[in-house]
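If you're matching them up, the sequences are chains G and L in order.
When the letters of the first sequence are read in order and numbered with the working numbering, they come out as residues 1 to 661.
When the letters of the second sequence are read in order and numbered with the working numbering, they come out as residues 1 to 661.
Simulated from the structure, these hints should not be mistaken for laboratory data.
Derived EDC-like pairs (lysine to aspartate or glutamate); straight-line CA-CA distance at most 20 Å:
#1 K139(G) - E108(G)
#2 K35(L) - D308(G)
#3 K32(G) - D163(L)
#4 K420(L) - E165(L)
#5 K35(L) - D163(G)
#6 K66(G) - D254(G)
#7 K32(G) - D121(L)
#8 K139(G) - D121(L)
#9 K35(G) - D121(L)
#10 K35(G) - D487(L)
#11 K139(G) - D487(L)
#12 K32(L) - E165(G)
#13 K32(L) - D44(L)
#14 K139(L) - D487(G)
#15 K32(L) - D163(G)
#16 K35(G) - D362(L)
#17 K139(L) - E108(L)
#18 K32(G) - D362(L)
#19 K420(G) - D487(G)
#20 K32(L) - D121(G)
#21 K36(G) - D487(L)
#22 K36(L) - D487(G)
#23 K36(L) - D362(G)
#24 K420(L) - D163(L)
#25 K32(L) - D487(G)
#26 K139(G) - E108(L)
#27 K36(G) - D121(L)
#28 K35(L) - E165(G)
#29 K66(L) - D254(L)
#30 K36(L) - E165(G)
#31 K32(L) - E288(G)
#32 K36(G) - E288(L)
#33 K420(G) - E165(G)
#34 K35(L) - D362(G)
#35 K32(G) - D44(G)
#36 K36(L) - D121(G)
In silico negatives: residues of chain G with every beta carbon more than 10 Å from chain L:
#37 N451
#38 A558
#39 T566
#40 R593
The beta-carbon is built from N, C-alpha and C at its ideal position, and this holds for glycine as well.
These are the residues of each chain, in order.
There are 2 protein chains.
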Amino acid sequence: MADSAMTVRYAVVVTIGVFLLKSCSGEETDIKLDKKAQLLHRLDSLNLLLYTFLLILTVLTIWTFKHRRLRFLHETGLAVIYGLIVGAIIRYGFTNSSTIVHMPVVPEPDGSHYNQSVPPDTLWLRFPESKGDGTTKNKTFAYSFRGEIYKRDNEIDLKATFDPEIFFNIILPPIIFHAGYSLKRKYFFRNLGAILTYALIGTTISSFVIGALMYTFIQLIPHLASSFTFLDTLYFGALISPTDPLTIISIFNDLHVDVNLYALVFGESVLNDAVAIVLSGSIQNYAERYQSGSGGFETWAFFQALGDFIRIFSLSLFIGATMGCVTALLTKFTRVRDFPLLESALFVLMSYSTFLIAEASDLTGVVAVLFCGICQAHYTYNNLSVDSRQRTKQLFELLNFLAENFIFSYIGVSMFTFPKHHFDPGFIFAGFFCALLGRAVNVYPLSFLLNLGRNPKIPSNYQHMLFCAGLRGAMSFALAIRNTVSDARQAMLTTTSLIVILTVILQGGATTQFLSWFNIPVGVDEEVEVLSYNGVRSGGSLSMGGSTSKTNEKALLARIWGNFDTHYMKPLLTHSRPTLLDTLPVCCGPLARILTTTQQMTQDNVARRVDSDSDLCLEDRDTDRRRTSIQPLGTVTGEVSPGQQPLHTRVALPGLIGRHL
Amino acid sequence: MADSAMTVRYAVVVTIGVFLLKSCSGEETDIKLDKKAQLLHRLDSLNLLLYTFLLILTVLTIWTFKHRRLRFLHETGLAVIYGLIVGAIIRYGFTNSSTIVHMPVVPEPDGSHYNQSVPPDTLWLRFPESKGDGTTKNKTFAYSFRGEIYKRDNEIDLKATFDPEIFFNIILPPIIFHAGYSLKRKYFFRNLGAILTYALIGTTISSFVIGALMYTFIQLIPHLASSFTFLDTLYFGALISPTDPLTIISIFNDLHVDVNLYALVFGESVLNDAVAIVLSGSIQNYAERYQSGSGGFETWAFFQALGDFIRIFSLSLFIGATMGCVTALLTKFTRVRDFPLLESALFVLMSYSTFLIAEASDLTGVVAVLFCGICQAHYTYNNLSVDSRQRTKQLFELLNFLAENFIFSYIGVSMFTFPKHHFDPGFIFAGFFCALLGRAVNVYPLSFLLNLGRNPKIPSNYQHMLFCAGLRGAMSFALAIRNTVSDARQAMLTTTSLIVILTVILQGGATTQFLSWFNIPVGVDEEVEVLSYNGVRSGGSLSMGGSTSKTNEKALLARIWGNFDTHYMKPLLTHSRPTLLDTLPVCCGPLARILTTTQQMTQDNVARRVDSDSDLCLEDRDTDRRRTSIQPLGTVTGEVSPGQQPLHTRVALPGLIGRHL
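Construct the entire structure; sequences and hints are all you get.
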């Protein structure tokens, strides 16, 4: 199908090329500009069509794989492979047809007052348009900056690539938001200490280790030594450190892997995306703003960069959480839930504006939207109407699916079509080696340290699995492609793309194998695990997860937060009980009365149990829905949508245990 | 809120401006380019944020209006008004801060082999980058064509406007698809003759009448006479003729207006969008390709353009219908319905690819996607799993809502910020007058002709309502902004924007008033109308709608199509009965067996009744869901989602009759 799209594209290009070359009288300039605009539109359509076909192909192949229960290749791996094939066809199948007409220009002789060190944003070209009567009239056309010129400058190829900003404004937000919105908050908070350690400390360590190692490697390769600074390699370390949750998580979902391992892997990869994006931003700021130019280590500049890191991360978190809470307040105190369509629209718009506010304030939208997603799920979700709950869940699930597969297709295609690749075998080899090592120094030493203080220890097979789950994905690629102005950055992009492609295909495909090698229990439902933990797992050195049945073993951090949340945040932001009238001191009575809704006062305990997610209810429903929506529907819940009948689903689910694998 | 966004934007621009102006050593060019890229990203975010805030504001205000049952202003009218306010603030609140650095250039002296009549696509500028050691190194930067330069060229203003292609690739497809997907097919097909007459013949007549009148007007205004050709005014006629369904339809939905009037207004406005886009394309082609340049009427060229019109319309229709049927076949013969997420993704991707295929083949994507939507609703919908039905309905409803409000906000903002407006009072006045007259020559003469042959006649109050429902909307604006290269086109854009704004605010706001002036029955439920038509409507000169109870009065066209559909299309594309085994001649037995699924053979009649939409069932469910999703949920169906329990909803709905207004 993609092939036929190419043929159409080719035919169109040739046809229009003929049109453009046809000589016309001067007064037809406008009409020809029309034609050119039409051609561009058609190329845009072809370009989008290409990716749409790739996604359709991926969807159909995924279905075949799922239908036949093949597990050696995951959907993201498939998307990458199809992307690679199509990219190769575009690159090598169409050698001619350079329809771009270019003109070398020089500054106007008398306009030489331009003395800045960067090229101007816009060029103004006076172009003579010959009128029909023999006279000419000068029109001025504007040209906007696009970038430095490299060898290949073919219209089609350029068109098959997108502006990197699209990733940060369009593709990443729904993926990251969905990660936050569908996080299993109960297990996430229970393992909060370990997750934060891996994500915050681990990612930083990994970045610095990779950066230092890469720098050492590069000193050994003469032609690279000059073009890379230590900051370049450190930046590479930061962008290659975050792991990708998508592939692993959907396999874990299919196989019903132990929930604590799930929480560790998912929580870590979601948060380390956030850490990596802030870290790489700080490194860039360090290079641009604070360094005085000597190139050596400067204490003052280092602390400024560290301050940046902390400031950006916490402010982004704050914006995300605030917007989530504002949405919760809006949905609690207005009756907008009477109009589900308006409510859903409000929810989507508030969530997207969180991203934009953070980006526009020079903070990190991805971090903001992640924490916004967590807050939306924790508070706002309880205030939504049934219709909106379902609609928002399903909407973001679908958006996430499409965005995720699009980005992986794009990684594949761009491997061949992106004009700024720079293949350097030495750098690529070093990159692979360091990426592996970086993951190891993240997981093993930190697990050792964590186990010293942790009561239910993280067993060694879980550590191996954490190591093997270290695929690189969308975030690494997006960071790498965002900036390709220098040779060093281009070599990083190429290496990052290759690492992403290989880890997604190989590690992603081998996940099932890893799970059985490491004796990780699969087919475990969390419900069952809680109820009959000892019965299900008889063999193996698993000392972890036992805590789930004893709430008093919760981590201190989780306990403090949980108390505050139940007593103040939930009563304020949702319709849950106890109300603020019960929890606030007497002196605040009038305030508490204002902030408590009638609904909150009148509802009974049953309603409360369903609404609240401080206990099991909500998470289980969320989880079930997420799990089952990619499972055969008929086998689990018949024709009943799982979200509609939580109790039914929860009863039905144990029947699934152990069925897969 | 929009105000604060502006402040932030302003601060950011100034800050970065300072950065850019700071003199740096030459080797920092790359870093400065980074900075510039960051600035652009931030401006993009601010721009999107602006519209997101506008939409949030609109949503909250709509809710207030609905909550307080105010009807004098519709949501699209609100979006336009907010847009106008914000546009004015941007235009007049920020006069300084031109951060764009431009450089006038001339062609390279030795590179003067460029001899085409259109400006080149790309300029290449060699820019000296001074190295730290005093030497300089030339880098070549590419600049891409943007357009002719007009007076105002401020970065902020340019950023608050979007590439017009965005409307055609992103905004219009979901709106038009949703129109097709939610069409009440039963009443649509019943009134097919009248709808096609109004849409096809009426829009064409209206375009030519407006074109001719405008041309006459323009001859009276000396300064305009030279810049407009007859083709220009004809193009204006084509783009101002389509009416906008959005505002009127949602008011009709709220008020439960008689279903036949609903079908006439909705069907006509959906189809005349399609006709207008093809018609305007043909006029443009006529000007560019066929006309020999003399400017007079040429019979040969006219017939070529007519051929174009028919070819493009029918091929687009064919592509749309084909892709709809392919999706139906895919969902019928694979078990992809076992995985609702994959199924929904496939549905969305196939629908969007329809649009892209048509656009890439030089046809009209909007027409294709409209008919694709109709086919998806008619066939594919029956094959989908319950989960996917709900998900796709809700998804497109939400997308439609957001896209629709975005485009109206944008019309408001762009009135002030779009740099290519050309205010000409004479043209504007003429435009308003002709738009009104064009609508009148569409509705009244054709209704008279239709009534000659039509058994249930279209009463005069319905005709007045059709006339008053002639708001101009998204399609007119999108066509006008698509091409603004000449003065004539810019004057058209300005006039079109004004007509859209005023009709949406005034006519949209007065719809309720119109309905009561013309004694149009409201609060009528179609179910009831069918069952007890005489009882509900006792007064008034309504001779129409009586046909709904007698199926033998169906139009001939509808009857032929209905038979073919029930006997061949439905059995082939859906799981409905009778199967092809029953309807195909005996000789085709083997083929029929292949095309009949087991499910189709085994299901009983009850299942068939629910699946099929050849009778009442499906349409009613669709309609109910669409109607109720913007109605207070609690009052109609309690906490039960209407789509899940069609029978429940259908029983519950009669309780609504006459409640509103």
